[in-house]
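Undergrad: Please work from the sequences and hints to get the whole structure.
Going down the list, the sequences are from chains P and B.
Here the first sequence stands for residues 1 to 260, where the numbers follow this note's numbering.
Here the second sequence stands for residues 1 to 179, where the numbers follow this note's numbering.
Since the hints were made in silico from the structure, they are not lab data.
DEER-style ranges, computed between Cβ atoms:
(1) P:Ala-20 <-> B:Ala-119: 17 to 25 Å
(2) P:Ser-254 <-> B:Arg-123: 42 to 50 Å
(3) B:Gln-108 <-> P:Arg-162: 26 to 34 Å
(4) P:Gly-215 <-> B:Gly-67: 55 to 63 Å
(5) P:Glu-209 <-> B:Gln-108: 42 to 50 Å
(6) P:Glu-209 <-> B:Gly-67: 52 to 60 Å
(7) P:Gly-253 <-> B:Glu-28: 53 to 61 Å
(8) B:Asp-22 <-> P:Lys-19: 23 to 31 Å
(9) P:Gly-110 <-> B:Asp-49: 48 to 56 Å
Facing chain B, a subset of chain P residues (Cβ under 8 Å, in silico):
(10) Leu-8
(11) Leu-9
(12) Ala-20
(13) Trp-25
(14) Asp-27
(15) Leu-35
(16) Gly-88
(17) Ala-89
(18) Phe-105
(19) Gly-154
(20) Gly-157
(21) Gly-174
To list a few chain B residues with every Cβ distance to chain P over 10 Å, as calculated:
(22) Ala-25
(23) Val-44
(24) Thr-45
(25) Gly-46
(26) Ser-50
(27) Gly-72
(28) Leu-87
(29) Ser-120
Where a beta carbon is used, it is the ideal one built from N, C-alpha and C, also for glycine.
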Amino acid sequence: MSTDSDQLLPDRFARLAPKADVDDWADVLCRAERLGPPSSRRAPRRVLLVAAVLAGLFALAGGALALSGVSLSGESTGVPAIDGLLDGATRDFADVPPGSPRPRFQPQRGSVSEKLRFQFRAHNYTAVGFRTRDRSVCSALVEPRSKRPNGGIGCIGARSLRRALAQGPVHLSGGGGGWPTIAHGFARAEVVGLALTGARRDGVVALSEPWRPRGPDTEPIRFFYVVTKGEPTGPRAPLLPKGTRIEARLADGSVSELQR
Amino acid sequence: MVSPHGLKEPPLSIVSEAVGADARAIEEVYRARHEGFRNALATVTGSYDSAHDAVQEGFAIALAKRGQFRGGSLEAWIWRIALSCALDGRRSARRLALNGVPDKLDPQLPDPVGDPELASAVRTLAPRQRLMVFLRYYADLSYAQIAEACGVSEGTVAAALSQARAVLLEALDPEGVHR
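TA: Structure below.
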C-alpha cells in the first residue's frame, strides 16, 4: 500500500513559496537598534495574585467537569480524559466567524468503540475509536494516570478510510514524533494481529476489537496504535522509525506487510 | 498527539531561559525559521514582501524586548510578535505578544493561482484551523509551539491538524493515490 500522504501536503505548500534571502540578520539588528536597548517589564504583584486565584478557580471547575465524566455535548466516550480532550478541541473552534465550518470532535451517538488499553515502558494508555458528527472516523488516545495527562485525536474522512481499506487490510493514517513516537491507523476486521518487523521491534502495537463506527449495519473495522521509542519530528518525519514495518496477520492465516 | 498522536512533543529546539531571552537564541531562531515565518505571515499580509518586512520587524522587537520574555517556546513568542507586526504595526505588537492571537484572523494562501486546488481546499477550513495548517506546513512549528502561538492546548492543535489533513487530502487526493 502506498502511504506517502504525509509528504503530499508539505510538498504542495513548499512548491508555492519563493526562496527567501539567505542572510539578512544584519537588517534585523539595524531595526532593533532603532528600537532602543533591551527592556524588561514585570507584571505587578497584585495582577499576578489575581491571575493565580482565577487560574485556580478555572482548574477546580475544569477538574470537576472532567471527573464527572460528562461530555459537554455529544456522547461520552466513557473515558473522562478523552471527553475533556474532545470538548476542549471543539470549544477552541466555537468562535469562528459566521459561515465558517466549525469542527466538532465529539462522537456521534452509538459510534464509540470499546476501550483499548495498553502499556509502553510503564506508561498506561487508553484509547477509543468513534465517528464524529461531521463524518470523520477518529481515534483518541490519552495517558489518564499521568501527572501531566497528554492526549491526542487522529481523524480521517469516512470516505477516504473506506477507500484506503479497500486497497489494503491496514491503513496507517497519522501520528507524531517525540517521546514516544505514536502512529495510529485503522484495519479491516479480518486483521487479527499486528506486529512490528524490520529495524525496530521494541515498540508496542495495540489493535482494538472490531467495532462499527459507521452504524450497526456497516462493516466492522479496527483501530490501532504503534508506539515506539522516538524519532525526530516535523511535517516530513516518517510515522514509523526508519526500516520498521508493520506485519498484519489475517483471519485466514495469510500475512500482509505495510511498509512506510 | 499531541501530535496527532505524538503524546509528548520532543524538547523544543530553542528553549528559553527562565526569564528573558538570549540574543543569540533569537538569532538562531531567525536563521532557522525566517523563511517559514515569512511564508506563514504571507498568508496574513497577502504578499511575501510585506511578510518579510513583518518578520524582520518582529525579530527586531523581540531583540529589543527580550527581557520581557517569560519562558516557554521562544519561536511561539516571536511568532506572535511578528504576526502582530503583520496585522497592526509595532504598538500592538507589544500588546499581542502578551495577549495571544486575535479571533478575526482570516489567513489565505498569498498566491492562490500557484495551486488553485490547494487554495480552494484550504479555504474550506475554519480560519483558526487554516492558521494552524500554515504554522505547521510553512513555519514548521511543532504541535507544542503552535499551541503556544495560538493560545490553545496541544490536543486541540493535534485534533485540528488531523482533521484539516483529512479534509485537504480528501480534496487533493480524492483517488487515494497517496494514501
